[in-house]
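For the record, the sequence lines run as chains Y and U.
Residue 2 is where the first sequence starts when you use the working numbering, and the numbers rise one by one after that.
Residue 3 is where the second sequence starts when you use the working numbering, and the numbers rise one by one after that.
Take these hints with a grain of salt, some might be off.
Stated by the list, open to error - Calculated lysine-lysine pairs in the DSS-like style (CA-CA distance at most 27 Å, straight line): (1) Y:Lys-114 with U:Lys-124; (2) Y:Lys-131 with U:Lys-152; (3) U:Lys-239 with Y:Lys-131; (4) Y:Lys-7 with U:Lys-124; (5) U:Lys-220 with Y:Lys-74.
What the hints assert, rightly or not - Label pairs and their in silico Cβ distance ranges: (6) Y:Ser-23 with U:Lys-22: 55 to 63 Å; (7) Y:Ser-13 with U:Met-197: 41 to 49 Å; (8) U:Arg-185 with Y:Gln-17: 29 to 37 Å; (9) U:His-180 with Y:Lys-114: 35 to 43 Å; (10) U:Val-25 with Y:Asn-135: 42 to 50 Å; (11) Y:Gln-21 with U:Arg-185: 28 to 36 Å; (12) Y:His-122 with U:Thr-76: 34 to 42 Å.
What the hints assert, rightly or not - Covered, in the sense of this in silico footprint (three residues per stretch, anywhere, with C-beta under 8 Å from a C-beta of chain U), are these stretches of chain Y: (13) 89-95; (14) 102-115.
FYI, nobody ran anything at the bench for these hints, they're computed from the structure.
Yeah, the Cβ is synthetic: ideal placement off N, Cα and C, and Gly gets one too.
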Amino acid sequence: MIVIDKLSVQYSDGKQVLHQVSCRVNDGESVGIIGANGAGKSTLLKSFVGLLMPSQGRIEIHGVEVNQKNVRKIREMVGVVFQNPDDQLFMSNVYDDIAFGPRNYGMTEEWVKQRIYHMFHAFGIEHLEKSHSNKLSGGEKRIVAIATALVMEPSILLFDEPTSFLDPRMRRRLIELLKELEMTKIIATHDLDMALELCDRVIILKEGSIYAEGQAKDILTNETLLLEAGLELPYCLQKCMDIGKV
Amino acid sequence: MSNISNSLLQMNNIENMNQKNTVIHRMEPAVKLLITLMYLIVVISVNPYQVSRLIPYLFYPVIGIILAEISLRTMIKYLVIAMPFTLFTGISNLFLNREIAFPMANVVITQGMLSCCFVLLKSILTILAVVILTSTTSMDDLLYAMIHFKVPIIIVTQIMFTYRYIGVIAEEASIMYHGYILRAPKAKAIKAKDMGPFLGQLIIRSFDRAERIYQAMKCRGFEGYVSFSGKKGISGKGWFYVVITAGILIALRLVNISILLGKLFM
Ligand SMILES: Nc1ncnc2c1ncn2[C@@H]1O[C@H](COP(=O)(O)OP(=O)(O)O)[C@@H](O)[C@H]1O
Ligand SMILES: [Mg+2]
C-alpha cells in the first residue's frame, strides 16, 4: 500500500510544484493520475521513488518511508517507466539494458539471463536481444523500457504518459499488455480514454493539488469537472454523446 | 554542423561496423586490446627522425584493414578527424628545425622535414591501429576487456559514459539542427550570429537529457558504477595471436629491416 500524507515538493529553483497532496493506493489497484500539462503528474511520480524528496509531508510504500536512507529498497519495489524511452535505454544493446537493474542489485548472471529470456518470451521480442536501442521503433523502445522495469519483479509500477509517441495499433497493444500486469499500477496520463479503460480509480491534479478523486467511471464521465481541470471528456464518450444527439 | 554531428553519431554507432564477421571481428576483444596496446607502445617508442624504422610497421594496418574489410572511406574519414592536430605539429617542425640532415640529389633534406614525416607517419600508424580496434570491437566488449585486465571499474564507467554522452550531444545537436534548417531554408549551415545561442541551447539540452537518463539509471539501482557481467578472458588460441604479434613487433624493433633488405638487394 502507498500512503501519501500532506506531500509538498519543490524543485531546486524554489518553485513549489505539489501542495499538500494526500492520497492512498491499495495493493493491486490501478490508479490514473490525470491533469493538464504542468499539473505536476511527473513530479508526483518522481517523488514516489525519491528522485525528488518531499519538502513537507511524507510518502510511505509498504510501510517504508521514502527518504535518502531507504531509496535503494524503495526502488527495488517500485519500477518506473519514463515518458521518453530514449531516456531509459542507455546501454548498447537490449539485453544489457534489461540486465542493468538486476545486475545493480547483485543478482547472479544465471538469474538475470533466465528472467530476461522470460521477458523476451512474454513480450515476443526475442529477435531484439542484440539490437542497439536507438535502432528500435518507437513501440519496440516502449516495450523494452517496460521490460527494464518489470525484470526486477516490482510490486508497484509507475508509468509516465505510457501512450505518448505510439501509433494507434501500438497503443492498443500496450493497453492490452498493461491490463495483463497484476501489480499495483499508477499511470500518469492525459490519455483519458486509456485511463477509462485501465484504471479503477483516478486522481485529478490541478496546479499541484488534488482537485478531485474517485472511481474512474464517475470522474471521467463528469464533463464539468474535467473542463474545470483543463481536460475534456474521453474521446469515446464524446463520440457516444454525438451519436446520442443525432 | 550536420557533418560534425553526423561523425559524432557515427563514432557512437560504431557498432554498425561491428556487424561484419571477419577473422578480426571474431578475435577475442581482450586479445585485440592487448595487441593494439603493444603495437602502440612499440611504434611510439621508435626514436625520432628514424623514418625508415617506422615504415615496416605499416604491415599491421595494412593486414588489419584487409582482413577486417574496413573501407577506405571509413579510414580516410577517421584520419581527417584526427589528423589536423598532428599536421599542425608536423608542419611547425618543418620551419623550426632547419638543420641539414643530408643532401639528396639537388635537394637539401633538413632535420625538420624528417621529423615532419616522422610525426605524420607515426600518427597515421597509431590512428589506424585504433580505428582497426574500434571498428571491429563493440564498445562494450572493449570495456569488458578492460575489466578483464583489472582496469578500475570507476575508470571503465567513466569511459563508458563519456562515450555515451558524445552520443547524447550528437542526437540533441542533430534534432536542433533540423529544427533550425527547416525554419531557415536558405541557410546551408548555422549562421555565425546564431551559433552562440545554438551552442548554449545545445549544452542546456544535453545537460537536461543527461539528467533524465541519470534519473532513470538511479531508478534501477545505479550507484556510481556499472556492474558488468563476468565475461571470459583470453583463450589459448588468443594467447597464440598475442605471442606471435609480440614476436613480430619485437623483432621489428630490434632488427632494422630496411637496412637488412637494402643489404640483401644491393
Ligand atoms: N526540473 C524542474 N525545475 C523546475 N521546475 C520544474 C522542473 N520540472 C518541472 N517543473 C515545473 O513543475 C511543474 C509540473 O511539472 P510536471 O510534473 O512535469 O507536470 P506534468 O507531468 O503534469 O505535465 C511545471 O510547472 C514545470 O514547469
Ligand atoms: Mg509529465
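Numbers of unmet hints, in rising order: Going through the list in order, the structure violates hints 1, 4, 7, 10, 11 and respects the others.
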